[in-house]
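Chemist: Listed here are the chains, written in short residue letters.
Number of protein chains: 2
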Amino acid sequence: MAPPPLTLSIDLGARSYPIHIGAGLLGDGARLMAALPAGRLLVVSNTTVAPLYLPRLRASLAGRDVAECILPDGESWKTLATLERVYDRLAAARINRDGAVLALGGGVVGDLAGLAAATWQRGIACAQLPTTLLAQVDSSIGGKTAVNHPAGKNLIGAFHQPCVVLADLETLATLPDRELKAGLAEVIKCALVRDLRFLEWLEREIPRLLARDAATLAEAIHRACAIKAAIVTADERESGARALLNLGHTFAHAIEAAAGYGEWLHGEAVAIGLVLAAETSARLGWLGRPEVERVRSLLERAGLPVRAPRIGRERAYELMSLDKKVVGGRIRLVLLKSLGEAVVTGDYDAGALEAVLVAEVA
Amino acid sequence: MAPPPLTLSIDLGARSYPIHIGAGLLGDGARLMAALPAGRLLVVSNTTVAPLYLPRLRASLAGRDVAECILPDGESWKTLATLERVYDRLAAARINRDGAVLALGGGVVGDLAGLAAATWQRGIACAQLPTTLLAQVDSSIGGKTAVNHPAGKNLIGAFHQPCVVLADLETLATLPDRELKAGLAEVIKCALVRDLRFLEWLEREIPRLLARDAATLAEAIHRACAIKAAIVTADERESGARALLNLGHTFAHAIEAAAGYGEWLHGEAVAIGLVLAAETSARLGWLGRPEVERVRSLLERAGLPVRAPRIGRERAYELMSLDKKVVGGRIRLVLLKSLGEAVVTGDYDAGALEAVLVAEVA
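As given, the protein sequences belong to chains P and G, one line each in that order. Position in the first sequence (from 1) plus 7 gives the number in the working numbering. Position in the second sequence (from 1) plus 7 gives the number in the working numbering.
Honestly, the hints are just simulated from the structure, not real lab data. Given the structure is predicted, the values throughout are model-derived calculations rather than measurements. Ideal Cβ positions, reconstructed from N, Cα and C, are used throughout, including at glycine. Don't take every hint at face value.
[Stated by the list, open to error] Residues of chain P clear of chain G, computed beta-carbon distances all greater than 12 Å:
no., residue
1, Tyr94
2, Ile102
3, Ala153
4, Ala248
5, Arg303
6, Arg322
7, Leu346
[Claimed, not checked] Partner residues are not named here, just some residues of chain P that face chain G (Cβ under 7 Å, in silico):
no., residue
8, Arg129
9, Ala165
10, Thr240
11, Ala241
[What the hints assert, rightly or not] Derived contacts from chain P toward chain G, CB cut-off under 7 Å, selection only:
no., residue
12, Thr89
13, Glu91
14, Ala98
15, Arg101
16, Ala158
Using the sequences plus the hints, can you model the full thing?
Modeler: Below you can see the structure in the form of structure tokens.
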């Protein structure tokens, strides 16, 4: 018998919504229906996830008018061209403002379906039904939606809060090991950003997480979601503290873009980005070597890559300078004052960044 | 010596902005610069408008880093494919979150550039510099942005308020007659929606407006903008009263989509839509024949079409049912309780709509 789901809430006035985390939620039709508007529905999923979980979701939506849009799987499909396919399905299914999009899948499906919902008829409801660890702890929460542009990751997008997030822990049973590990990178990131105790807990529990112990996974997801929920509630549109959640991401986006989308899993690039952020923080004198090694070691124990590909110093600067966090020509970085305490700053010694890029990516 | 510009304001908290209406505003660099963020700029315009007014705008932006994206002219280009061209320019020009898009042109440029700004890096600033009467009184104000989908007009879009609207009345000097008249359709619409006195004024002043008398045009623009500003301020995201501004538009969108985008000017289709809305209101017993004829006559005197193309009853229903105002399967219409008093309703005798479609478009 599964324990009852845990529920967190994102409090944003009229845009508030619940996050439910538990086993078997895709089969809980009543809970899902209660969060959806009355109109026609479009489920967006991919060729990997749909065969596994779409029948379960369809059963939960019995009696509703439900269309489907099944996309190819992978980050390389997170493009305007794929978004256009979703629009075509929305039109064919005659989805109006009282309809909704249901995003069943990982981060790519959630980001892309979320952007379709944000822009179809200037915004319709979107339910996020994340089926990967990364999507459950990170991308499904907070309303960031996007597709990639050849020039950079997530350059085209919108803020559009979902109407509900249902994280069904049972879907993690079919998640490939590589994707489970990629999700752990975002969990570790949350701990590094603002919770040293959680970091210590992760250092102890990593073996159980990799062994997919259900209760341990549930606790990790819940703690990571709680951190993200608190930060998003305080700063919906990333004018301040929310940028902390991008720890490691400016580096990660450059790595993903340089390698070509789909080469690295996002979480893998984030892992490398976390190491580079820790290294830069060490060059600034904020972290000691033992702390950098603690970050690296935890990521390695989680089965994640910690060495940057040699994309070249100039290419790294070029890609980082198109990142959304650039203001006034200066690359703003999220760095670590200490483990569990991230800061966003454009006011750092550029020589520290330069030294890290020369050492790690040149 | 031009009179000083008139200024209205849209009060939406953090998203408030001014609308300046006056002769020579494109040459007023100080006013424009004051409303723009500090980063790089991209001017979006088209092949008709750019040769006429881009040099003036460029001179006003002397000293700023300004890139250009010059699009083909016309509604048929208001597509995702053209939007992608704007994204490519934004990327090539390395426009970041502290940058801005400047939309120099008519409704197509404003809607498309506005959507690009709304979605580039999840939203950057957008200055609207409308150069057509229609854009000055309607599309540049209120933050509605969109491109068309083959299935319907403006189906893909976002709400994204501009940082400033500068309506330079001098640009109307080069506006083709057909476009001036199309703009008058939206002016007449504003009067029909909520200002009988303005309607009476228009009935008197139509000859002077068609003769482009500067003071009369300025007054018409100012009064229409004031109506639109008041309604948008009260209902930014069209949950209520803002839908009144769509008087005639459900019909108009069906006519435009059926004919193929570019066949009708938007304002021309709106003129026909206003007649159909008045006819439907008459069938419901809300307007008498003399009032319907008053609407038709004013539009005719403004040089606008008042006869619907025979797109067929079924095609009309099909296109109208994909309109954004459909809720619960029912086509909500904006109708006239009286001249100067529009209402939004889904609760009308469907036979009245049927009779009008049979008589006018079948």
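Chemist: What are the numbers of the hints that this structure violates, sorted from low to high?
Modeler: Those not satisfied are hints 1, 2, 3, 10, 11, 12.
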